[in-house]
Every structure is written in C-alpha cells, then in structure tokens.
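A.B. asks: Listed below, chain by chain, are the residues.
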Amino acid sequence: MPVMASAAVATERWSILSADRVRRGASQGAMLLGVLAGLWALWEGFKWFGEAVDLKIGVFVVDDRTLPHLHSIVARLFEPTAVGDRLLTVLLEAALFTAKEAAVGFAMGAAIGFLIAIVLVHSGLLQRGLLPYIVASQTIPILAVAPMVVVWLGGRGLPGWFSVAVIAAYLTFFPVAINTLRGLQSADPRALELMQSYAASRWAILWKLRVPASLPYLFAAFKISATASIVGAIIGELPAGIQDGLGGAILNFNQYYASSPDDLWATNLIAALLGLSFFLLIVLAERLIVRRAPEHVA
Amino acid sequence: MKRSRFLWPAGLTVALLLALAACGGDDGGSDGSGGGGGDTTASADPDKVTVQLKWVTQAQFAGYYAAQEQGYFEDENLDVTIKPGGPDIVPEQVVLGGQAEFGLNWLDNTLATRDQGGEIINIAQVYTRSGMTEVTWKDTGIDDVKKLAGKKVGVWLGGNEHKLFAALTKNGLDPQKDVKIVAQPFDMNLFLNREVDSAAAMTYNELAQVLEAKNPDTGELYTLDELNVFKMSDLGTGALEDGVFVRSDWIQDEGNQDIAKRFLKATFKGWIYCRDNPSDCVDYVLAEGSVLKKGHQAWQMNEVNALIWPAPLGIGVMDPESWEVTKQIAVDFGIVKNEPSDDETFRTDLAEAAMQELMDEDVDVHGEDWQPEEVEVTEGGE
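From first to last, the protein sequence lines are chains U and X.
Sequential numbering from 1 applies to the first sequence in my numbering.
Sequential numbering from 1 applies to the second sequence in my numbering.
Since the hints were made in silico from the structure, they are not lab data.
Beta carbons are placed, not taken as given, at the ideal position from N, Cα and C, and that holds for glycine.
Each hint should be verified, as a subset may be incorrect.
Restraint ranges, calculated between C-beta atoms of paired labels, are given here [claimed, not checked]:
#, chain 1, residue 1, chain 2, residue 2, range
1, X, D249, U, G129, 42 to 50 Å
2, X, E226, U, W40, 46 to 54 Å
3, U, W43, X, D280, 40 to 48 Å
4, U, G129, X, G117, 19 to 27 Å
5, U, S123, X, D88, 49 to 57 Å
All chains, full assembly: derive it from the sequences and hints.
C.D. replies: Structure (structure tokens):
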C-alpha cells in the first residue's frame with residue numbers, strides 16, 4: 001500500500017512537472033511568434049507608411065526596391081536558381097562553406113587570445129608593453145588587413161579559405177584576449193593568497209584557480225567572437241576571390257540589387273541565421289562546460 | 001529549471017541547422033575534388049598554370065570556362081586553374097606575385113602597372129572594342145555628351161574613369177571643373193533612383209541591370225527607348241579592355257612561350273565555341289556561379305561576343321589603331337608618366353602563332369559573319 005501510494009505521488013508529481021514544462025514551452029513558443037509578428041508588423045508598417053506618404057529620408061526612398069515585402073524575401077528562398085536548386089539550398093551550401101572558414105578562424109583566434117591572456121596575466125611589464133599594440137591591431141580596418149593576408153598566405157601555396165580563416169581569427173582573438181585577461185585577474189584574492197601560502201606553483205594556480213574563475217568571462221568573449229568570426233569570414237572572401245561562400249553570394253547579389261533586391265535580403269537573412277547558430281552553439285557549450293557559472297548573459 | 005530556458009531553443013536551432021545542412025549537402029559532394037581525374041594519358045604531365053580573372057565568374061570570361069569544359073586546355077596538355085576576381089583583387093599584383101601565370105585586365109590598367117615598374121606584357125587583346133558606355137534618362141534631355149555640363153556624372157573611379165574623362169575632354173568639358181563626378185558603386189541604384197544624371201554602364205552588364213529593373217511607377221521594365229547610351233567606342237575614346245598579360249621575365253623563357261601559345265590557342269578556341277554556341281557557354285558559366293541569373297548571363301554572352309566579333313585581324317591580335325587610342329588616353333590623362341613603348345607593352349607573335357594553328361585546323365578566327373542575337377530582357381535577369 002505505501003509503495004503504491006508513493007508511486008502515485010511520484011507519477012502525479014511527474015505529470016505536474018511535465019505539464020509545467022509544456023506550459024513553459026508553449027509560452028516561450030508564443031513569445032517567439034509574438035516577437036516575430038511584431039518585427040514583421042514593424043517592417044511592413046514602415047513600408048506601408050513610407051509608400052503612403054511618399055516618404056523620403058535623404059536619398060532613401062521607400063519602395064519595393066529599397067524595402068521589399070518580407071514575405072517575398074522568404075518566398076524567394078524557395079524559388080529555384082538558374083541551375084535548378086532552390087535558392088535556400090544554394091545559400092545553405094554557401095553558409096556551410098563560410099561556417100567552415102569562420103569555425104577554423106574562431107578556433108585559431110580563441111586559442112591565440114587565450115594564450116596571450118595567460119602570458120599577460122603573469123607579467124605586468126608585458127601587459128603594459130604589449131596591450132597597446134593589441135588594442136591598436138583592432139583599430140586597423142579589417143578591409144585593409146584582409147588583402148594583405150590573402151597575398152601573404154596565398155603566395156605560400158595555402159588554400160584560399162585558409163587565408164579567410166586567418167582573417168576571421170584576426171577579429172576573434174581580441175575580445176577573447178581582453179576578456180580572458182580580466183577573467184584570470186578576477187580570481188578571489190583570498191583564494192590566491194591561500195594557494196600561495198601553500199606554495200602552489202603558478203601552473204597549479206593557473207589551472208585550479210584562475211582559469212575556472214575566468215570561464216564566465218571567456219564565454220562572454222566567445223559570444224562576441226563567434227559572430228565576429230562570421231563577419232570576418234564573409235569580408236575575407238572578397239579579397240580571396242572565393243565564390244563558394246556567403247561573401248561571394250553577397251557580392252554577386254549586390255551587383256544585381258536593382259533588378260532583384262529579394263536575393264540580397266534573403267542572403268542577409270541566411271547570414272544572420274548563421275551568426276545566430278554560432279552564438280547558440282557557444283551558449284550550448286557554456287551550459288555544458290560552465291556548470292556553476294554565476295551569471296548567464298545570453 | 002533555469003537551465004532549460006536556454007537549452008531548448010539552442011538545441012532546437014542547432015538540430016535544425018544540422019538538418020538543413022544535411023539537406024543542403026546532398027548535392028554538394030562533387031566540388032572540391034579538382035583536377036587530376038582521368039587525364040593520365042601517355043604524354044608528359046600537363047603544365048599547371050593559373051589564370052586570374054578581372055572580376056567574379058560571369059559570361060565576360062565565358063571563353064575560359066568553355067576551354068575548360070570542352071577539354072581544349074587538356075588537348076593542349078595544360079592543367080588550368082581559373083581564379084575568379086573581386087573588388088579587392090588586382091590581377092596585375094597576383095601575376096607579379098607569382099600566384100598566377102596569366103592575368104586579365106583592361107589594357108590601360110596594364111599600362112599603368114608597367115609605368116609604375118611592374119614588368120608585365122600583353123600577349124593577346126581578346127576584346128577588340130570597348131564595351132563602356134555612359135547612360136542618361138531620355139526625359140532629362142541629355143542627349144549629347146556636351147550637355148553633361150554641370151550635371152552629376154556617375155563613373156567607377158580607381159582606374160576605370162579614364163575613357164569617360166577622355167570623352168568629356170573631347171567634347172570641351174573639363175572633368176574636374178565642368179561636371180560633378182560621383183563615385184559609382186558596382187550597382188545601378190544611384191541611376192535608378194535618379195541621384196545621378198548619368199551613369200557608367202558596360203554594355204554587357206550594367207546596361208542590362210537597368211533594363212531588368214522595374215519602373216516602380218509603371219510596374220513595367222525599363223526599355224532602351226527610355227535611355228540615351230553614349231558608347232565610348234562611338235565617341236572615339238574606346239580604350240581597349242580585356243586582354244591577357246603575363247610577367248615580362250616569365251615569357252622570356254622559350255618553354256613558357258610554348259605554354260603561353262598553347263594557352264592562347266585553347267582560350268581562342270573557347271571563345272570561338274562561345275561565338276557559335278552561346279547558350280552552351282551560358283550554361284558553363286552558370287554551373288560555375290550558382291547564384292548568377294540565366295537571362296542576365298545570356299544578355300552578357302551576346303554583348304561580349306559583340307566586343308570580340310568580328311575580329312578583322314583575327315581573335316587576340318592587337319589592332320594598332322585602337323592601341324594608339326588607348327595609348328593617347330593613357331598619356332593625356334596621366335595614367336602613365338612616360339609614353340609607353342609599343343614593343344615592351346605588347347607582343348602579337350604568340351597570339352598570331354596560336355591563330356595560325358587554328359587556321360590550319362580550318363577554324364574561323366575572324367567571325368566576319370557573326371551577327372548579334374536578339375536577347376530578350378527578363379525581369380530580374382532570371
């Protein structure tokens with residue numbers, strides 16, 4: 001009898017739990033739909049208003065060319081291209097190609113940024129000496145750096161996409177280095193003193209104390225870098241003459257914007273989704289790795 | 001509890017993307033394997049060379065893609081990599097840097113590079129006439145270059161403006177003072193939105209971009225009747241465009257001369273194929289550039305053929321008269337500081353040798369009978 005009773009209680013609790021989950025899931029789904037509907041209304045509302053009053057902001061005229069209907073942009077994704085595939089298929093292939101460049105670039109940039117932070121946290125002299133140059137590196141526009149990287153690396157027989165990955169890494173390493181440095185320094189000073197009083201090695205302090213303390217900072221940086229690496233990859237494809245990625249698609253559609261604006265908007269949509277998926281991958285990794293992270297700024 | 005808030009949308013999106021990626025990947029497996037398949041004949045290993053195009057893959061370069069697809073490069077025992085260009089790619093730099101043996105660019109760019117000490121030489125002038133135009137709306141009444149005085153004149157800067165400047169000067173207008181030059185991007189939106197009074201347009205590309213666009217007021221496509229088209233070739237300022245160049249020291253070598261001759265022969269054959277089979281060539285180009293539009297490329301193929309054919313001296317051989325025009329513009333507009341020497345700027349022997357071999361094979365290298373097609377303009381270039 002008691003066994004049965006407890007089982008009944010358990011199933012009851014389980015059903016309450018799952019009902020709770022369903023309800024929360026539903027409300028989140030509704031929220032997502034609401035936000036999407038709101039954005040759609042904003043877009044179409046502005047377009048309708050602009051066309052109705054013949055709005056002209058500077059040189060920006062509102063018409064089907066400057067601001068196509070959202071539904072025609074989405075519909076474009078499912079129309080075929082000249083070679084027969086749907087535009088969506090073509091763009092997803094391009095997105096995969098760009099994703100490869102961005103992912104390799106992100107990995108390189110994150111590793112380099114992490115190493116720089118570890119070196120800098122151990123030497124105040126290097127920190128003061130090197131940090132200004134690291135900051136300066138980011139004030140040089142990527143558009144100026146990209147062609148040089150392509151010329152240098154291309155001349156060494158490396159494949160074009162690798163040059164693009166290096167450009168993506170250039171945008172990635174900076175936020176990681178700066179944030180990780182801050183994170184490594186954020187270790188509790190009392191814990192630091194305690195470990196030092198036990199004559200713990202720098203290595204032990206680094207891995208047992210500093211690195212765990214830096215993880216939330218690290219992932220905050222990863223989130224910025226993940227999207228930056230996509231931007232770097234797309235920009236880098238232009239000087240590298242790569243036609244297979246999103247950058248190539250954007251360049252082509254840019255040329256033909258006057259006659260078919262939906263294509264460019266559709267490509268931008270896919271590029272944004274790629275950025276979003278990179279971001280969410282980082283969020284996912286954070287949830288798996290930082291089990292006890294204090295705050296989540298998702 | 002808190003965990004699931006972020007986990008499920010994240011997991012869902014990742015799953016969705018993986019699923020989409022899997023769908024997208026189905027038919028993408030064929031690329032990336034590259035050359036080396038099935039061409040291991042008894043003959044010596046093919047010579048590996050690279051050609052750097054001036055711009056992205058499009059029918060402007062159809063002859064090279066046709067030579068690849070039709071196996072003409074293979075016939076000449078060449079293994080050719082075709083490198084598309086882009087906004088930040090300077091073919092001269094790529095060739096001088098040794099990343100490509102052959103480069104394509106407008107002849108005046110080749111002159112400018114030479115003047116700055118870059119030792120390159122034109123070995124074939126594929127386009128026999130200029131495709132550059134300046135267009136105006138007919139309703140503005142600007143039906144003569146002289147009437148551009150005081151107007152906003154759009155043109156691509158950075159080396160592409162010289163022909164227009166020459167045309168303005170020839171008509172008594174100082175490009176710096178008498179008109180307002182507007183830097184034009186790679187699209188025609190400034191012109192379509194009437195933010196400039198005139199715009200530069202290549203017959204084979206931007207002109208079609210205008211015709212493929214809808215007039216938002218009428219809902220109809222724009223037509224040639226609504227435009228005035230000033231062709232640089234009619235104005236006598238048609239400096240030559242797409243030609244093939246190589247490094248001057250590279251071509252000293254006799255072995256390389258042989259490679260160059262075979263390369264030219266194969267590409268000429270490719271262009272001749274595109275003259276006789278334009279729709280095949282459009283398909284070759286579309287297969288390389290999956291986002292291109294068929295209608296637009298068909299227009300481009302036809303207009304590009306019109307720049308090559310008829311070729312009175314035979315395809316690829318520099319026409320002395322057009323060379324003089326190009327040289328004069330280069331000198332007058334400061335593209336070069338020193339007057340270029342003819343012998344060091346171009347040589348026609350390789351193109352002539354390649355052409356001779358084709359003539360021995362009874363191939364028509366002049367295209368005297370070629371007639372342009374009527375290509376129907378499609379909305380959005382589809």
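A.B. asks: All the hints need checking, so say for each whether the structure fits it.
C.D. replies: Hint-by-hint comparison with the structure:
Look at D249 of chain X against G129 of chain U: about 44 Å separates their beta carbons, and that is inside 42 to 50 Å. Distance hint check: the CB atoms of E226 of chain X and W40 of chain U are about 35 Å apart, inconsistent with the given range 46 to 54 Å. At roughly 42 Å, the beta carbons of W43 of chain U and D280 of chain X sit within the given window of 40 to 48 Å. One distance hint, 19 to 27 Å for the beta-carbon pair G129 of chain U and G117 of chain X, is violated here, with the actual separation near 39 Å.
For the pair S123 of chain U and D88 of chain X, the beta carbons lie near 38 Å from each other, so the given range of 49 to 57 Å is not met.
Checked against the numbered hints above, the structure breaks hints 2, 4, 5 and satisfies the rest.
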